[in-house]
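Residue numbering for the sequence shown follows this note's numbering, beginning at 223 and increasing consecutively.
Just so you know, the hints here were simulated from the structure itself, not pulled from any lab data.
For every residue, glycine included, the Cβ atom is placed at its ideal position computed from N, Cα and C.
Please note that a few of the clues may not be correct.
What the hints assert, rightly or not - Capping the alpha-carbon separation at 20 Å, the derived lysine to aspartate or glutamate pairs in EDC-like fashion look like this:
1) 359 <-> 381
2) 499 <-> 486
3) 331 <-> 315
4) 431 <-> 539
5) 303 <-> 315
6) 403 <-> 505
7) 459 <-> 567
8) 571 <-> 561
9) 431 <-> 421
10) 331 <-> 319
11) 487 <-> 589
12) 459 <-> 469
13) 450 <-> 561
14) 459 <-> 477
15) 499 <-> 511
16) 375 <-> 393
17) 450 <-> 469
18) 403 <-> 393
19) 515 <-> 533
20) 380 <-> 399
21) 303 <-> 323
22) 431 <-> 505
23) 347 <-> 371
24) 394 <-> 404
25) 515 <-> 505
26) 534 <-> 432
27) 422 <-> 315
28) 562 <-> 455
As the list claims (entries may be wrong) - Quick list of the computed label-pair ranges, beta carbon to beta carbon:
29) 544 <-> 443: 13 to 21 Å
30) 510 <-> 352: 46 to 54 Å
31) 296 <-> 443: 47 to 55 Å
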Amino acid sequence: MEDKLCGSEVEGENPSKNTRVSHKRLTNMGKKLKLPDKSSKTFTHNSNISGPKFINTSSLRYRCDICGKKFMVKGFLSVHKRIHTGEKPYHCDICGDTFSERGQLISHKSVHTGEKRHQCGICGKAFSMSYQLITHKRVHTDDKPYHCEICGKSFSQKDGMLVHQRIHTGEKPYHCDVCGKDFAYHSSLAYHIRVHTGEKPYHCEICGKDFAHHSSLTYHIRVHTGEKPYHCDICGKSFLHRGSMLDHRRIHTGEKPYHCDICDKTFSQSTTLTNHKSIHTNEKPYQCDICGKNFTRSNSVTIHRRIHTGEKPYHCDICDKTFTQSGSLISHRRFHTNEKSYHCDICGKTFTRSNSVTIHRRIHTGEKPYHCDICDKTFTQSGSLISHRRVHTNEKSKH
Numbered sequence: 223m224e225d226k227l228c229g230s231e232v233e234g235e236n237p238s239k240n241t242r243v244s245h246k247r248l249t250n251m252g253k254k255l256k257l258p259d260k261s262s263k264t265f266t267h268n269s270n271i272s273g274p275k276f277i278n279t280s281s282l283r284y285r286c287d288i289c290g291k292k293f294m295v296k297g298f299l300s301v302h303k304r305i306h307t308g309e310k311p312y313h314c315d316i317c318g319d320t321f322s323e324r325g326q327l328i329s330h331k332s333v334h335t336g337e338k339r340h341q342c343g344i345c346g347k348a349f350s351m352s353y354q355l356i357t358h359k360r361v362h363t364d365d366k367p368y369h370c371e372i373c374g375k376s377f378s379q380k381d382g383m384l385v386h387q388r389i390h391t392g393e394k395p396y397h398c399d400v401c402g403k404d405f406a407y408h409s410s411l412a413y414h415i416r417v418h419t420g421e422k423p424y425h426c427e428i429c430g431k432d433f434a435h436h437s438s439l440t441y442h443i444r445v446h447t448g449e450k451p452y453h454c455d456i457c458g459k460s461f462l463h464r465g466s467m468l469d470h471r472r473i474h475t476g477e478k479p480y481h482c483d484i485c486d487k488t489f490s491q492s493t494t495l496t497n498h499k500s501i502h503t504n505e506k507p508y509q510c511d512i513c514g515k516n517f518t519r520s521n522s523v524t525i526h527r528r529i530h531t532g533e534k535p536y537h538c539d540i541c542d543k544t545f546t547q548s549g550s551l552i553s554h555r556r557f558h559t560n561e562k563s564y565h566c567d568i569c570g571k572t573f574t575r576s577n578s579v580t581i582h583r584r585i586h587t588g589e590k591p592y593h594c595d596i597c598d599k600t601f602t603q604s605g606s607l608i609s610h611r612r613v614h615t616n617e618k619s620k621h
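The whole structure should be built from the sequences, with the hints applied where relevant.
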């Protein structure tokens, strides 16, 4: 479109109000920046324009007395200084959030109104803020301009690269004021705080169950719908969660990327490594608020509490049997389908459960990982060890 401002034409798609204002200022000053390609007119700033910008450095006469950065327009210097002072003079009259720039406030208000003015010309997806569109377009172009200087990994967003670098540095800048735990990500802290507050703002409209995390609700709804959107490209098996699919693929590949730095044992899943490390530290930070029993994992407490409450939230849709754990329901369903998806890689025997394969393989390997601390006798299964200990304690087994 074209817009008459000062006897000159501003060309390009949808020139923003900020662009026209900046152009007027520069026309009055007689200073110019060159736009790429489509226009012979020149501007100081346009977030919608990509490509090279050529600046007449002699016109940068306004200097920040704090960091030394220079600007062509005094107003831009005033806005820049708010980075140093923290000043945020623009207030949202709906939620009270504050902003350093008027444009940020205008963009923010679209969160409340639902307005999405910025549309992708490739796929049609719309966004409330221009920077979201700029970032989104990299999905189509596969542009990843930000590189980790430590490992070389590339990112489409600068924030993603900065957050990634915390893996290398171990930095955890977000601190819980309640328990003192530190986190690498702000979102992780926000989720963690709900452990203390008990807040569960996400509600399932089908069964009424509440969740602390939106992702947990998304996964939960798939229990009702039966949706399994993630597929193993090797065997075709489907999964509710992407992480479960990636863990499953390692059964085929044999990959064990998680390494214990104490005993050098390797694992296919990060959670298995975390649980394993508690063997070395004997740490059990999660406590049942009913009986006081301690656990190495938070989900173990959740499952354990159902012994006290009698809750069995997982239902078989074939026979209506209920279970305290989702894994028990999954294993149970295989009795109806006769599915045996776990194979012994030594003899080929198939099983309905993965732990059955693990126990079975010990017949071939002779492994007996469970030790009696009284007589040093060893066993292939934990249940056998528990039964054996009764020999020493004279405890009668329960029937």
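Hint by hint, here is what the structure shows:
1. 359 <-> 381: Answer holds: residue 359 to residue 381 is near 16 Å, not above 20 Å.
2. 499 <-> 486: The given pair, whose Cα atoms are some 11 Å apart, holds under the 20 Å limit.
3. 331 <-> 315: holds, 9 Å
4. 431 <-> 539: The hint holds at about 18 Å.
5. 303 <-> 315: violated, 24 Å
6. 403 <-> 505: Answer holds: residue 403 to residue 505 is near 15 Å, not above 20 Å.
7. 459 <-> 567: holds, 18 Å
8. 571 <-> 561: Given pair residue 571, residue 561 holds - Cα atoms ~13 Å apart, limit 20 Å.
9. 431 <-> 421: holds, 13 Å
10. 331 <-> 319: holds, 10 Å
11. 487 <-> 589: holds, 16 Å
12. 459 <-> 469: Measuring from Cα to Cα gives roughly 12 Å; hence the hint holds.
13. 450 <-> 561: holds, 17 Å
14. 459 <-> 477: Holds, because 18 Å separates the two Cα atoms, which is no more than 20 Å.
15. 499 <-> 511: Since the Cα atoms of residue 499 and residue 511 sit roughly 24 Å apart, the hinted pair is violated (cutoff 20 Å).
16. 375 <-> 393: Since the Cα atoms of residue 375 and residue 393 sit roughly 18 Å apart, the hinted pair holds (cutoff 20 Å).
17. 450 <-> 469: With Cα atoms ~15 Å apart, residue 450 and residue 469 stay inside 20 Å; holds.
18. 403 <-> 393: Since the Cα atoms of residue 403 and residue 393 sit roughly 13 Å apart, the hinted pair holds (cutoff 20 Å).
19. 515 <-> 533: Cα-Cα ~18 Å, so holds.
20. 380 <-> 399: Distance of about 28 Å is beyond 20 Å: violated.
21. 303 <-> 323: holds, 11 Å
22. 431 <-> 505: violated, 31 Å
23. 347 <-> 371: violated, 33 Å
24. 394 <-> 404: OK: residue 394 and residue 404 at ~6 Å, within 20 Å.
25. 515 <-> 505: holds, 13 Å
26. 534 <-> 432: holds, 16 Å
27. 422 <-> 315: violated, 27 Å
28. 562 <-> 455: holds, 19 Å
29. 544 <-> 443: 13 to 21 Å: holds, 19 Å
30. 510 <-> 352: 46 to 54 Å: With a Cβ separation near 50 Å, residue 510 and residue 352 satisfy 46 to 54 Å, so the hint holds.
31. 296 <-> 443: 47 to 55 Å: holds, 53 Å
This entry does not satisfy hints 5, 15, 20, 22, 23 and 27, going by the numbered hints stated previously.
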